[in-house]
Amino acid sequence: MLDFDKMFEDYALRYYEEHADDFETPEEMEAVMPDIYEQWADAPSAALGGIAPRAFFDRIADPDELVDILIGTSEGEANPCSLLIDRIAQVPETAPRLSALIRDGSNVKAVMLAINLLSDMDALHPFDAYVAWLTDENIDNEQRELAVEVMTDHADEVAEALYGLLENATLAQKTVIAEILVNAKHDERTYQLLLELLTEGDNVPLYAGYLGKYGDERAAAVLYRMLDDCNYLEYIEIKNAIERMGGVVDDVRDFSQDPYYRALKNLK
Numbered sequence: 001m002l003d004f005d006k007m008f009e010d011y012a013l014r015y016y017e018e019h020a021d022d023f024e025t026p027e028e029m030e031a032v033m034p035d036i037y038e039q040w041a042d043a044p045s046a047a048l049g050g051i052a053p054r055a056f057f058d059r060i061a062d063p064d065e066l067v068d069i070l071i072g073t074s075e076g077e078a079n080p081c082s083l084l085i086d087r088i089a090q091v092p093e094t095a096p097r098l099s100a101l102i103r104d105g106s107n108v109k110a111v112m113l114a115i116n117l118l119s120d121m122d123a124l125h126p127f128d129a130y131v132a133w134l135t136d137e138n139i140d141n142e143q144r145e146l147a148v149e150v151m152t153d154h155a156d157e158v159a160e161a162l163y164g165l166l167e168n169a170t171l172a173q174k175t176v177i178a179e180i181l182v183n184a185k186h187d188e189r190t191y192q193l194l195l196e197l198l199t200e201g202d203n204v205p206l207y208a209g210y211l212g213k214y215g216d217e218r219a220a221a222v223l224y225r226m227l228d229d230c231n232y233l234e235y236i237e238i239k240n241a242i243e244r245m246g247g248v249v250d251d252v253r254d255f256s257q258d259p260y261y262r263a264l265k266n267l268k
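Position 228, counted from 1, in the sequence shown is what the numbering used here calls 228; the numbers after and before it change by one each time, with no gaps.
Among these hints, one or two may not hold up.
[As the list claims (entries may be wrong)] Derived BS3-like pairs: lysine-lysine, alpha-carbon spacing no greater than 30 Å straight-line:
#, residue 1, residue 2
1, K265, K213
2, K185, K213
3, K109, K6
[Unchecked claim] The calculated label-pair distances, taken between Cβ atoms and stated as ranges, are:
#, residue 1, residue 2, range
4, D10, D62, 24 to 34 Å
5, Y191, E9, 52 to 62 Å
6, D128, S256, 44 to 54 Å
FYI, nobody ran anything at the bench for these hints, they're computed from the structure.
Cβ atoms here follow ideal geometry from the backbone N, Cα and C, with glycine treated the same way.
Use the sequences and the hints to build the structure in full.
Laid out in structure tokens, this is it:
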């Protein structure tokens with residue numbers, strides 16, 4: 001497989017050697033890097049038989065070939081050429097192969113690239129796989145986090161599948177599920193989940209923030225009651241949540257001895 005990164009590196013080095021007098025600082029050289037890349041992408045390459053790198057990829061129309069190249073150039077320390085990524089995004093027929101690649105899951109780097117490509121292409125994601133990853137301890141954390149980002153943007157589409165996970169989910173898993181569901185249409189199951197996390201979880205600021213974002217005004221009564229005995233960090237998020245729901249919180253508590261308050265205010 002041709003190393004397009006090495007090809008560009010060689011091109012850029014030649015460019016800087018030929019234009020060394022045009023730059024006074026490394027920052028100036030770095031600033032023109034995107035322009036140099038575009039020049040390289042459209043310049044005939046001897047390594048490609050006189051074809052420019054961009055044209056090399058543009059000539060590939062077979063979706064299977066494009067995805068195979070993506071997989072092959074994602075192995076180990078290698079990274080796919082951005083021109084390949086651009087070309088795949090231009091070929092909608094690659095979407096089924098990208099979904100299959102995601103389901104296979106054996107190459108984390110390729111999986112994450114495929115997820116981003118499906119988003120860029122506005123193509124259908126394999127949401128059932130993403131949902132399953134939430135309770136699979138063997139899934140790479142960054143891969144799972146990316147899937148959560150995508151599901152957050154498509155919360156209504158995955159909501160029912162997420163509700164199905166709740167009965168056997170751990171507290172940590174419920175927290176991630178809640179992160180997604182607060183972006184879906186209101187549902188009593190989401191509201192009850194958020195209340196459960198607020199009362200039983202160990203991250204009151206986070207869960208108060210979820211309730212504030214969700215915007216169910218019934219939660220204000222619960223949050224008001226927590227204002228009297230919470231620490232300063234919790235107070236800030238509870239207050240913000242109540243105010244997002246249209247409530248008002250009078251700042252009457254004295255937090256001068258609260259360790260979180262003193263740390264934030266840099267008091268000794």
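Tested hints:
Between K265 and K213 the CA atoms are separated by roughly 27 Å; this keeps the pair inside 30 Å, and the hint holds. A C-alpha spacing of about 12 Å is found between K185 and K213, which places the hinted pair at or below 30 Å, so the restraint holds. For a cut-off of 30 Å, the pair hint linking K109 to K6 stands: about 19 Å separates their Cα positions. Against the hinted window of 24 to 34 Å, the Cβ-Cβ separation of D10 and D62 comes to about 28 Å, which satisfies the hint.
Restraint check, Y191 to E9: a C-beta distance of roughly 54 Å satisfies the suggested window 52 to 62 Å. Take D128 and S256: their Cβ atoms lie about 52 Å apart, and the range 44 to 54 Å holds.
Figure legend: structure checked against the earlier numbered hints; every hint is met.
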